[in-house]
Every structure is written in structure tokens, then in C-alpha cells.
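Chemist: What follows is each chain in one-letter form.
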Amino acid sequence: MANYSNSLYQQLEEETGVKTGQKLCQTLTFCFFLRVMGISCNIIKPKEVAKLHPLVNIHDLVGALHLPGDAVVSPPEVNHALAVAAAGQGVQILERTTVQQVLVEKGHVMAVETDRGSIECEYFVNCAGQWAYELGQASEIKVSVPLHGCEHFYLLTKPLQEPLSPNTPVVVDMDGRIYARPWQGGLLSGGFEKNPKPIFTEGRNQLEIQNMQEDWDHFEPMLSALLRRMPGLESAEIHQLVNCPESFTPDMRCLMGETPGVSGYYVLAGMNSSGLAFAGGAGKYLAEWMSYGYPTANVWPLDIKRFGNLQSSRTFLRHRVMEVMPLLYELKVPRWDFQTGRQLRTSPLYDRLDTQGARWMEKHGFERPKYFVPPGKGMASVSLKNEKCLIKVINNTSTGDQALELLQHLCANDLDVPVGHIVHTGMLNERGGYENDCSVVRLSKNSFFIVSPTDQQVHCWSWIKKHMPNDPHLHLEDVSWKYTALNLIGPRAMDVLAELSYVSMTPDHFPSMFCKEMSVGYANGIRVMSMTHTGEPGFMLYIPIEYALHVYNEVMSVGQKYGIRNAGYYALRSLRIEKFFAFWGQDLDAFTTPLECGREFRVKFDKDTDFLGREALLQQRQDGASRRFVMLVLDDHDTELDLWPWWGEPIYRNSLLAGTTTSSAYSYTLERHVCLGFVSPPPSPEGLPTPITPDFINRGDYEVDIAGQRYPAKAKLYPFSSLFTQQKRRKDDMELSNLQGK
Amino acid sequence: MHSLGGFFGCIACSNTAWCVFAVFVCACSAPPAMPVASQLLRGLPRAKVLASSLLPCQQHQSQFGPAAHRPASRHPSHAWQRHQPSRSYRKTSAIHSYILTPPQVNSILKANEYSFKVPEFDGKNVSSVMGFESNQLPANAPIEDRRSAATCLQTRGMLLGVFDGHAGCACAQALSERLFYYIAVSLLPHDTLCELEAAVEAGRALSPILQWHKHPNDYFSREAQMLYFNSLRTYWQELIDLTSPGEVPETREALLNAFKRLDNDISLEAQVGDPNAFLHYWVLRVAFSGATACVAHIDGPDLFIANAGDARAVLGVQEEDGSFSAHTLSNDHNAQNEEEVARIRGEHPTSERKTVIRQDRLLGLLMPFRAFGDVKFKWSIELQKRVLESGPDQLHENEHTKFIPPNYHTPPYLTAEPEITYHKLRPQDRFLVIGSDGLWETLHRQEVVRIVGEYLTGVHQRQPLTVGGYRVTLGQMQGLLEERKARVSSAFEDQNSATHLMRHAVGNNEFGTVDHERLSKMLSLPEELARMYRDDITIIVTQFNPHMIGAQMQEGQS
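Here the protein sequences line up with chains A and B, keeping their order. Position 460 of the first sequence, counted from 1, bears residue number 460 in our numbering, the numbering being contiguous throughout. Position 417 of the second sequence, counted from 1, bears residue number 417 in our numbering, the numbering being contiguous throughout.
It cannot be assumed that every hint is accurate.
Which residues of chain B face chain A? A few of them, derived with a C-beta cut under 10 Å, are [to be verified]:
{"no.": "1", "residue": "GLN104"}
{"no.": "2", "residue": "ILE108"}
{"no.": "3", "residue": "TYR470"}
As a list, the in silico SDA-like pairs of lysine to any residue whose alpha-carbon atoms are at most 25 Å apart [to be verified]:
{"no.": "4", "chain 1": "B", "residue 1": "LYS485", "chain 2": "A", "residue 2": "ASN195"}
{"no.": "5", "chain 1": "B", "residue 1": "LYS485", "chain 2": "A", "residue 2": "PRO326"}
{"no.": "6", "chain 1": "B", "residue 1": "LYS260", "chain 2": "B", "residue 2": "VAL341"}
{"no.": "7", "chain 1": "A", "residue 1": "LYS194", "chain 2": "B", "residue 2": "GLN476"}
{"no.": "8", "chain 1": "B", "residue 1": "LYS485", "chain 2": "A", "residue 2": "PRO198"}
{"no.": "9", "chain 1": "B", "residue 1": "LYS485", "chain 2": "A", "residue 2": "MET322"}
{"no.": "10", "chain 1": "A", "residue 1": "LYS579", "chain 2": "A", "residue 2": "PRO719"}
{"no.": "11", "chain 1": "A", "residue 1": "LYS194", "chain 2": "B", "residue 2": "LEU480"}
{"no.": "12", "chain 1": "B", "residue 1": "LYS485", "chain 2": "A", "residue 2": "PRO221"}
{"no.": "13", "chain 1": "A", "residue 1": "LYS158", "chain 2": "B", "residue 2": "VAL467"}
{"no.": "14", "chain 1": "B", "residue 1": "LYS485", "chain 2": "A", "residue 2": "GLY281"}
{"no.": "15", "chain 1": "B", "residue 1": "LYS385", "chain 2": "B", "residue 2": "PHE278"}
{"no.": "16", "chain 1": "A", "residue 1": "LYS158", "chain 2": "B", "residue 2": "GLY469"}
{"no.": "17", "chain 1": "A", "residue 1": "LYS332", "chain 2": "A", "residue 2": "GLY365"}
{"no.": "18", "chain 1": "A", "residue 1": "LYS197", "chain 2": "B", "residue 2": "THR466"}
{"no.": "19", "chain 1": "A", "residue 1": "LYS158", "chain 2": "B", "residue 2": "VAL341"}
{"no.": "20", "chain 1": "B", "residue 1": "LYS485", "chain 2": "A", "residue 2": "ALA225"}
{"no.": "21", "chain 1": "A", "residue 1": "LYS465", "chain 2": "A", "residue 2": "LEU404"}
{"no.": "22", "chain 1": "A", "residue 1": "LYS194", "chain 2": "B", "residue 2": "PHE278"}
{"no.": "23", "chain 1": "B", "residue 1": "LYS485", "chain 2": "A", "residue 2": "GLU323"}
{"no.": "24", "chain 1": "A", "residue 1": "LYS194", "chain 2": "B", "residue 2": "THR466"}
{"no.": "25", "chain 1": "A", "residue 1": "LYS197", "chain 2": "B", "residue 2": "GLY479"}
{"no.": "26", "chain 1": "A", "residue 1": "LYS158", "chain 2": "B", "residue 2": "GLY479"}
{"no.": "27", "chain 1": "A", "residue 1": "LYS158", "chain 2": "B", "residue 2": "THR466"}
{"no.": "28", "chain 1": "A", "residue 1": "LYS158", "chain 2": "B", "residue 2": "GLN476"}
{"no.": "29", "chain 1": "B", "residue 1": "LYS485", "chain 2": "A", "residue 2": "PRO719"}
{"no.": "30", "chain 1": "A", "residue 1": "LYS197", "chain 2": "B", "residue 2": "LEU480"}
{"no.": "31", "chain 1": "A", "residue 1": "LYS197", "chain 2": "B", "residue 2": "GLU483"}
{"no.": "32", "chain 1": "B", "residue 1": "LYS485", "chain 2": "A", "residue 2": "ASP215"}
{"no.": "33", "chain 1": "A", "residue 1": "LYS158", "chain 2": "B", "residue 2": "LEU481"}
{"no.": "34", "chain 1": "B", "residue 1": "LYS485", "chain 2": "A", "residue 2": "LEU188"}
No lab work stands behind these hints: they were computed from the structure. This one's a predicted model, so the numbers in the text were calculated from it and none came from an experiment. Just so it is clear, CB atoms sit at the ideal spot from N, CA and C, and this is done for glycine as well.
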């Protein structure tokens, strides 16, 4: 995004003749993944730093990352240039106009009411920055734009005695939490402090922003960091300390895209202090989104639909941004768990699990156990609490089969299955990419129960809603809040359940991918599915929340003799990764097709209904996919000593960059680290993508680059069969675990 | 007590080993004729009633003879430093484990802290007082200091008082419960008094007179409340007879009358006795123990201090340059005050000139020259004997009460009549510190005012910095900011200025900064030793509202 912005600003100057004030200048910082993204960068030694920047104290430096192509632009000038360019295309810009309300009709934006009258519109983009939250609230159907302002300080000095050349690089000192760049012969320096000051929690106060107070005491750590990095500045005179609030989002990523509730209402806000850098690119994607219905790159991590109304609490936002802002200059650790705004949505089992040593993570406001401390010593069954799956029912009250029609249209797999069957399917877009990867249960002839990943709660809902015909008989309901999900995994899961329900649970009586309502303990009406999302044998129990504690207690007490124990999300993840299960939002996105991840068998081209994405998939089947989801088992990787992969590591095939990993975990079965990721052959000389062949995958020497160290890896197209090991283990278990109670 | 035992061990290994030895030896009544012993006793703080006391420890002191009566060190803490070279202290490793951690120190210091903010009315504080913060640190067990704070409800104004008891805590306790009622009643106009009496007569609900601001540890004795009420009622009945309708009393007179009247009532109650044996014993204990009192009455810009004894009230005045200076509002009534010495000598025949004040003490015994209670210095010998004979048996078990001061010819020698100081508050008057002598003997008043002043400005009135149009370099700014940061972090531990002051009073080293190790040692002294190194400390810091005072001044001028 920033890359595009850069070229846009360059282009703007050429096209309009208005100066954007862009100066090519370099950035000195420290960061890794840029090389993969095709951005010119190099790591330089402290001595070279001294050459590039006269003021930097290099004595404690080990090195720096140098981005020669980085640039600095002046916001007002860019603004002006954009305005001139836009006006040239016939855009009318109204200044000093207050938006009073956004009018909505039948769920679609209709007009904007301003103090100068009403303006009809087809699309409305809320890019009000700081005030986007309030503007969102000022809509007929309220739109949640979860962002919150924080005071941000930067210092301007008077020109130095030896004025700094405007071409001096921008310096980013992550340890000191500061940035510094030349400004009118002096220096401009700010930072992202550890103790941010949130502001405007109570609401809009646009007048106040004009005369924000300087707070020197607050700036002290950053001033000290600046003087530590550039001791020569001690004699520089202060021009001004500017207090310029910036807006931040709950997860440090910006908000863009169409809002889930109102069609035609787009948002682009919450840039987390990098507005100018990303503006060009973000604008481009949003423009594509509005004209084609989707942007040309995967922007799911930025999609506003990753949030729902629940992130709209001002208290939550206030607390969360105080945690988010300091992270800007900290090492971005994957699987970071925010500490603020927690324990919002908890299952009835929360306290029980917490006292048993659960360590929690949060997904979409839900608390779910990551792992347990200390880990229990169970041998056989694993009981896993996964509260987080999103469940929906499509319910048709009339006799027609609109529900089936709709889902047949949305899903690639054939849903016309007997009642009680579970179908694993993708919901694809027109390009054949995954909009959602879910399991659909046919509860009755005309009602379906959909289980999707947690962070799909808003997105999936709006995707279905968008394609739903306006039929009063068709009914969509979000029932996530009604159920607690319990995942009973392991070879003895069936024994535990059978004992609790007096029903035989063997595969003969309860085949895989089946769903039954049955009783567990005293509780009746528990939805039991022979599916675990992990590839292991076992069951998912969807329990109405009031029964959750009872069922959990029963399962645990009966399971004791089978060696049952608690397990958290990390166990689930490790299991699914070693089974080569792709996960939506992590491995799969709106640009991944089933053909690319080896799920062609779940696409029924020959079913009666023409489903979304069918054309694109047929085309791709003909042309051949140009990339493929593979499983890489790391060789020569010492789990104790070497750095672990997480995701985003470059994959090299025969020493050529072939792709990146998307998830990874330690496989306890293989006793190795396993990475999942996409590889693609190098494009043809004409620059067109080349189709990938199994040969390409199988005949190649793979390496995964973890923090600069390459580890050889074996690429696999299909998961290892663990059937043998499982059977063997089960026999062992029978002897050991049956003898001792735990 | 285990940790205290450990501390004992540490003393034994230091140069003060004989100190412990001395205490044990005298417990088995074998007088150690060592020169060091007298040195030890010089280290003892002055006990107000030395020759006779309820405390066994002090009885032993008398056995050592006159050596103990030499000028007592006004700075017991220095004695501690002298006897406690850190070198030898570090010799044994076991000692280290008995140093209190900062949180432990804080929990001791903060145990009795209390703060009160005058409630705002319509977003504005219309009172000249912003609020007060108070704290107490015991050295005696139980503590003999008391404090009180209350708002007068029938008249305006706030009352704050520190009471330093001696020979037990009974008198100070009685003062803390009763004195403010006497003052408040004295301040009531004639008509209000009549209403009050009418309500009592008719058994109607009484309109409250005082709003107390009490720490949970500040208790009231339930048994004596009825007795106290009857005495108070008699007082206001007399006031009704003495005043005429429409008459509003003067504050100065009211304070004076209240002090004298309460002391008189204490004396009378002891003479009359009570059919209830417990109460009888109690009123005798109150009368035979003593207490000094320092009370402030603040109403708008008018500040009255009524003081009897050696507690002290000091005003913190902020100068134009931002520094603080101390303005003392009370005189100590002790041997260091020449006027007091002259007063006492003048009140008794010239034949007693030498005996009435000996060794800086009244009749060679009592340090404060004015106090409540202490009937041994007020009643005639016959009266004392008669009252004691009719008193309950418990009294006879106590040697102290039977003891008659030497050279006791022309009682009374002691009075509770206060010295009253008036001060009209100015905007630069920022706060008032009232403290028992335990505070003033460890810190100079100028130091006290500096510590509180810097604490209050550092925390509550921290002005944001602005560069404005000045030429400031980054280096200068950094220096300034670091200084500000350091100042805040030292005060940051305490949310209460009285606690902060106490931390300095107990823990200050020679450089005027708090030394944790010293603080820890002082606070972990065993109960029976603590009194030798420090006195009970009670502090009330009242903060004024300069805006309100400024506004009132302007009104007064126009």
C-alpha cells in the first residue's frame, strides 16, 4: 500500500504540476520482511549510518536497515495536488460543510444531509479520521467504526547551526520509540510512547483540536531518546512541541471497506499514524472495491468487517488504544494477545477452566483457552473447549426450499444431502476465492446450521445477507451466543460419549461427518457432530449455554478413567496443521481458490445449481492453477535451539523465492516443525503466471528462511497418514490408561 | 514478635549492646554503675512525668538518679545514629532479613493516614479550606497522641486539633471527643443555644453540631458519652443564662472559655465520681493523666489557634519566588519560652522561685507548662488524698497516683488556659501544619514547611511547562524535565502530605533526604524501645484555597 502511495505521489506531481513536496529520502530502521515484498532495502553497518546521517550516535548500534526508495511528502501539498487532480476530473469539493446525518433506505445509503442541504449518493465513504466514529454514529442505521484518538506529540526545532540537508534520511529508532526527519533546516521528531494519552473519549470536540496543549513532561522520554540518539542536538533550540492527535484501531491495522450493516457505506479510517504513507494505496483499493465489488489484493486483515458492534464501546476503545499505540514501535509478535478489553464474552465454563490453569486468548471478544498450565498427563482422549465457532441457522418456515437454493448458490459443495449430514464447503466469490470456509449441517429439509471460524462472525453474516433474496420466508439468525462448543477429540472420545448417552458411538452407528441431537448426561438436545476441525477422531458438542457446565462436568468425570484432560487452542492448531488443514483467515483468503489448496473434491461442478465462482473455477481448472498449498516439514531444525517459524517466512525452491508460509506448528506426531504455505513457479518470460504441476512440487529442494537462516524442508501435497500410529497408540493406551484413574 | 526479636539481636551486636543490657539489668533491679548507662539515658527522650509513671520502664529510670534528669536530647534520632554505626550493623547477615521492605514501611506509615476534601458545591469549593490530610505514628503502646477534625454545622468553620497525652492516653482521648463540642457550643449564638435546650427538654431530635472527619482508628468511648453529654448540657445552660438574646460570641472568647470549662469539668467529674465503678475509674484516669492541646479554628479568612502546651501550629507561606517560609502561629509552653517561665514564677511566692521550675520542668517533673488534666499539679494535697481514698480499688494499685510532687505548696501550678493567636489568611498562605512535639523535635519548622510545600506543589499544583517565545535548547529542556520527574517520583509514594512529612521526620538522614535503611530501622524498633528513639508523632496538614481567600480579600477591600 505504501509502495503504491509512493509512486502515486510521484505521478501526481508529473500529472498536475502541483508540487507534492515529495523528496526522495531514505529511511533507517530495522525490519525484516520487506525483502520478500520486493522493496529495495539493505542492512548497513553503523559506519555507513554515520555517513548517511551526520547527527546519529552510532556507538551502541549494531546496524541499520536502509530504504533508499523511501520518501517524505508534505501533507498539505499532497492534499492540494490531489484536490487539483480530482477537480480536473469533475469532482466537486465542499469545504466548511458539516455532515449532519447519513440517510439510509432499505439498508442502502441514499443521501447525506449537510448543513447546506441534502446530497443524494450511491456510495458514501466515511474517511473522517478522528471523527469517523462519531460520523458512523450519525447515520440512520448506526455504523460502528472502532477507533479512538490518542494525543501524539512531535517536536520541531529551529534551524540548526549547520542546517540539515533536506536529503538527510528519516531515522526511526524503535528502541527509543522515536522518529526524526529533517524539517526546514532543523529537525522534526516524534514518537510513540509507552503511556499514551487517549483523548476525545467523550466524543467529538473538533474545536479543541486547534489548540491542544503541549505536554513536555509527557514528551520527556522521547526527548531523552532523541538526545541519546543524536547528542549533537542538545544545543538546538526548540521551535514548538506540536500536539496532534492521531486515531488508532483495536488491532493496529486500519479500517477499510464496506460496512456490514449498510450497503454503499464505505469506511477508510484509523490509519494508526501512517495515514499519509498508506493513503494512496488504501484509496486505490477502496476505489477498486467500490467499482468492482472487491479490491485486487487480499485486504481481509484491514476489512472493517473483522470488527463488529462489540468493539464499539468507548471504554473498550480507550483502554485498547493505550495498549496498541506503544506496540507501533515494538517487535510485532505473532499471536499477540492484547491485555486490555478482555473477558468480554466468556462461556459458562470460563471460571472452571481458569481455575484449572487455562491461559486465555481472545478472538472477536471471545475468550478461549490457549493452553493449560500445568499440562495434564492424559493418555487417550482430549477434551477441548472451543467456544468460538460461529454458528448460524438458515431457517425456512414455509414449505419452499429457498434455504437450500440460497446455500446451493453460495456454496461450492453439494448441500442437497440427507438430513443429519455435515458438508464441509467453501463459500466462494465470483473469482472462485474463499469468502468463507465452513461446515454446513442440514438440520431438516429446510434449515441449515453453519459453523464458521470465529472472526467470520460479521463477514459471513453480511456475505450471506448480501446474496439473500428478499423473501419473508427466508430467515437468517446468528446463534453464536446460544451455544457453547466443546470439542471432544481422541480415540476414546466415542467411549466417553457412549457412556454419557447410552448410545453406541462407534463409526458404524455414528459415521463421520454426521450430526445428531442427543442427550449427554441429564442434558437433552445437545447437538453432537462427528467432526473435530482437526482431522482427529472425535466429536463437537454444541451445547445450549445453560447446560454447558453440566455437560462439561459430566464429560470430565466420566472421562477421567479414559485419561481425559483439558486442551487449548494451541493443541487444536497443532493437530490441524499436521493434518494439512487449511484455515480461513490464516491460510485461505478471498484470493485462494479450492483448486489451489487441494480441495477440488469439495467443489461439485456438476450439481444442479450454478454456484458463485463456478465459472472462474472452471476456467482455472482449464488453465491450471499457478500456485499450490503445500505442507513443508522442516528437516535439520532443532526445536530446542533454532528459531521457530510462525508465518510469513519465505520459501525457497532450488534457492529461488517460491512463496511464503501462512501458518506453522510443531507436530507432535512427526516430532518436527511443520509449515503450511503457498508456492508458485516463476512466471513465464512474458510475465504470465505458469501453471503449477505436481512435478514442480515434488521435484525441488525446498528451504524455509526463518529470520535469515534457511532450513531444508520436504514439501508434501497430501497429509501424512497417521492411521497406523494412531492404531498402535490406541493399543498401548488400552493397557495403561485403563488401569489407573486420574 | 519474631522479627522484633531479630532486631534485638542486631542491637546486641552493635555498640549499643549495653543498651539492652541496661534495660534487662534494671529489670532485675541491680543498678549498673557504668558511665555508659548515663549516656544511654541521655539518649532517652524526655518523659513528661519522669519520677512517677505507670510505665515500669520509667520507674527504673528513677533508680538511676539525677543522671537521667540532665538535659534530655531533643533529637533522640541523633543518639541513635551515634550508637548505630552502619559498619558494625552489617556484620551479621541475619540482620539483613529484618530490614523492612519498602511496601512494609509504607504499610506502617500509611496505617493511620486520613484525608478529607471539602466537598465542592456546584463545581466550586466555596470554603477557604481545600481539605486536610492527617497521620499518626505511635511510639508509645498504646499511642498517647490523639487528633480530631470536624466541621461546625450550626456555625461555619472547621476545627482541627492535636492532643498530646502524657501519663497515659485517657486525658488526650477525652479531649479528642469533648473539646470540639465545648468550642462549638461556645460559638453558638444565644438563640441557637435556646433552641438546643428546648429540643433536649422536649425530647425532640437534636440538630447536629459537628460533622466529624475521623479515621476508623479514631474511636470514641461509648461508656462515657452520657456523662460527657450531661456536663456539656450544664455548660450550655449556663451559657444561656450568661448571654442575652441576639448575642453572638466572639471566637477568641469562645475558644478560651471552652478550654477552661472542659478542664474544669474534667476536674469536677473526678471529684464527684460516678456510681458506676468503671466510669468512676475512667474519670479519675482522665483527670490524673494529662494532655496538651493545639486547636485551629478556620472560618473564611479568619484563622484562630488556641494552644496549651508544646504542640505547635505553623503556617506555610509561599513567597513570590515560589519557595516556602514558615510562619509560627503558636508559642510552646515550656521552659524554652521565657515568658512562660516568667509567668509561672510570677504566679507563685518568691520562696518557690527555685523549686517551681527545675531541670526545665514544672516542679522538676512536667515538661509542658500548660495542660489539661494533671490534677496532681492543680488540686490541693488534701483534695488529692480525699479523692483517692474514695476512689475505686484499682487506683490504689498504682503507685503513681499516691505520689505528691515535691515542693508542692501553692497549687494550682498548671493551667489549661490556651494562648490564642489570630491570623487573617492571605492568598500566599498555602497550608497549616499542626503537629505534636514528636514532629517538631525531629524536624525544624522551616524544613517541615519546605517538605510539605514541595510535596503539595509537586503533586497537586504541577503547572504544565510551556516554551512560549523563549529560546530554550533541547538540552536545557531535558534537564528541566528530568528534574521535574525526579521531584515527582520521590513524592509519588505518598498520596498524603502528612505521611510524606512523617516519612521525612522518621527517615531523614543528614542530607535532608529519606534514607530507607534508617526508616526501616526506626519503624522496626520493638515496642518497648521505640519510645527511647522517637515520640508519638501526629500531623495534620490543612490546605487552604488561595482562590477563595483572594476573592474574600478583594470583597473585603471593596
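Chemist: What are the numbers of the hints that this structure violates, sorted from low to high?
Modeler: The structure conflicts with hints 1, 2, 14, 19, 22, 29, although it agrees with all the remaining ones.
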